[in-house]
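S.K.: From first to last, the protein sequence lines stand for chains A and B.
With the first letter of the first sequence counted as 1, position 54 gets the number 54 in my numbering; the numbers rise by one all the way through.
With the first letter of the second sequence counted as 1, position 53 gets the number 53 in my numbering; the numbers rise by one all the way through.
In short, the hints are calculated from the structure, not lab data.
Among the clues, some could well be false.
[Stated by the list, open to error] Result set (DSBU-like, lysine-lysine): computed pairs, CA atoms no more than 30 Å apart in a straight line:
no.	chain 1	residue 1	chain 2	residue 2
1	A	K166	A	K65
2	B	K32	A	K42
3	A	K114	B	K6
4	A	K65	B	K32
5	A	K42	A	K65
6	A	K114	A	K42
7	A	K114	A	K50
8	A	K157	A	K50
9	A	K114	A	K65
[What the hints assert, rightly or not] Chain A stretches covered by chain B per the calculated footprint, using a threshold of three residues with CB under 8 Å from any CB of chain B:
no.	stretch
10	62 to 70
11	81 to 94
12	145 to 152
Quick caveat, the model's predicted, so the values are computed rather than measured.
All C-beta atoms in this analysis are idealised placements derived from N, C-alpha and C, irrespective of residue type, glycine included.
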Amino acid sequence: MNNTELLSFVVGLSLATPVLAGAAVGVGDLFPPLASAGLAGKAPPDTAGKVVLVDFWASWCAPCKASFPAYSRLNAEFAPRGLVIVAVSVDENPSAYEAFVRRFDPPFFVALDKGQNLVRAVQVPTMPTSYLIDRAGRVRYAHPGFRGAATEQALRKEIEALLSEKTP
Amino acid sequence: MRYPAKLLLFAALVAVGGAFSGCTTAQAVRVKPWERGLLADPTMDPNRDPLATAMLEHVYFSREAAEGGRGVGGAGCGCN
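The following block holds chain A by itself, in its conformation from the complex:
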């Protein structure tokens, strides 16, 4: 290896490091499988061939509190048609997670990402962030943050569109 090649290698390595550090899951990407994500508590529901809404939340996040009643409404509206809502907590304190779940008593599946492995793999841009995943397991819509009725309305429209798509 001559000097020029060595210099190219070093510069290339420094530029490639952010890529090696792990890219965020975005629209068009396959969502990491929930079954092998190591979520604490009950086993996640079967999501194969279903439209799935994955929400990352935390007990210390105020918009997350506002989002739960909206997800409950969406669950009541779309779960009979096959929508699965999975709310993943990134809380580091399990008792704070349990208190939040007791208080809101959500009608959809909630789980604790105890080691924060799933959220690290997904690299959410803000708290909360929700991902709408199509029947093929691909992220079709991402909602960084929760903005009340506007987000709920957008989700309703997108869920409707994904549910009307045929099974792959």
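With chain A fixed as given, assemble chain B onto it according to the hints.
M.R.: Coordinates of chain B only, in the frame set by chain A:
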């Protein structure tokens, strides 16, 4: 084109050191959104007397006809 060996060694050390120290991107040194549980705790809010602060803000507004610019609301969760 040949470079002096010392320059190459220096460049290599800077590049490799920078790459692995987490200083190559602004994102790498930021607290991740899911790691802000402790920052979001109310005890992390430096404003220990919100009422007194509101009063001082009101005095400031009345005297200077200006307000704001003193930080953001809430604690450190950076939500939304």
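S.K.: Work down the list of hints and note, for each, if the structure agrees.
M.R.: So, going through the hints one by one against the coordinates:
At most 30 Å may separate the alpha-carbon atoms for a hinted pair to count; K166/A and K65/A exceed this at roughly 33 Å. Restraint check: the Cα-Cα separation between K32/B and K42/A comes to about 27 Å, which is no more than 30 Å; the hinted pair holds. Restraint check: the Cα-Cα separation between K114/A and K6/B comes to about 48 Å, which exceeds 30 Å; the hinted pair is violated. For a cut-off of 30 Å, the pair hint linking K65/A to K32/B stands: about 20 Å separates their Cα positions.
Taking the CA atoms of K42/A and K65/A, the gap is about 22 Å. The hint holds against a cut of 30 Å. A hinted pair counts as satisfied when its Cα atoms are at most 30 Å apart, and K114/A with K42/A qualifies at roughly 13 Å. Our distance criterion of 30 Å between C-alpha atoms is met by K114/A and K50/A, whose separation comes to about 25 Å. Among the hinted pairs, K157/A with K50/A is consistent with the structure: their alpha-carbon atoms are about 17 Å apart, no more than 30 Å.
Between K114/A and K65/A, the direct Cα distance comes to roughly 19 Å. Compliance with the 30 Å bound is thereby established for this hinted pair. Closer than 8 Å: that is the beta-carbon criterion, and the stretch 62 to 70 of chain A has 3 residues meeting it against chain B, so the requirement of 3 holds. Residue count for the stretch 81 to 94 of chain A with a Cβ under 8 Å from a Cβ of chain B: 4. That meets the three needed, and the coverage hint holds. Under the rule that three or more residues need a Cβ within less than 8 Å of chain B, the assignment of the stretch 145 to 152 of chain A holds, with 3 such residues.
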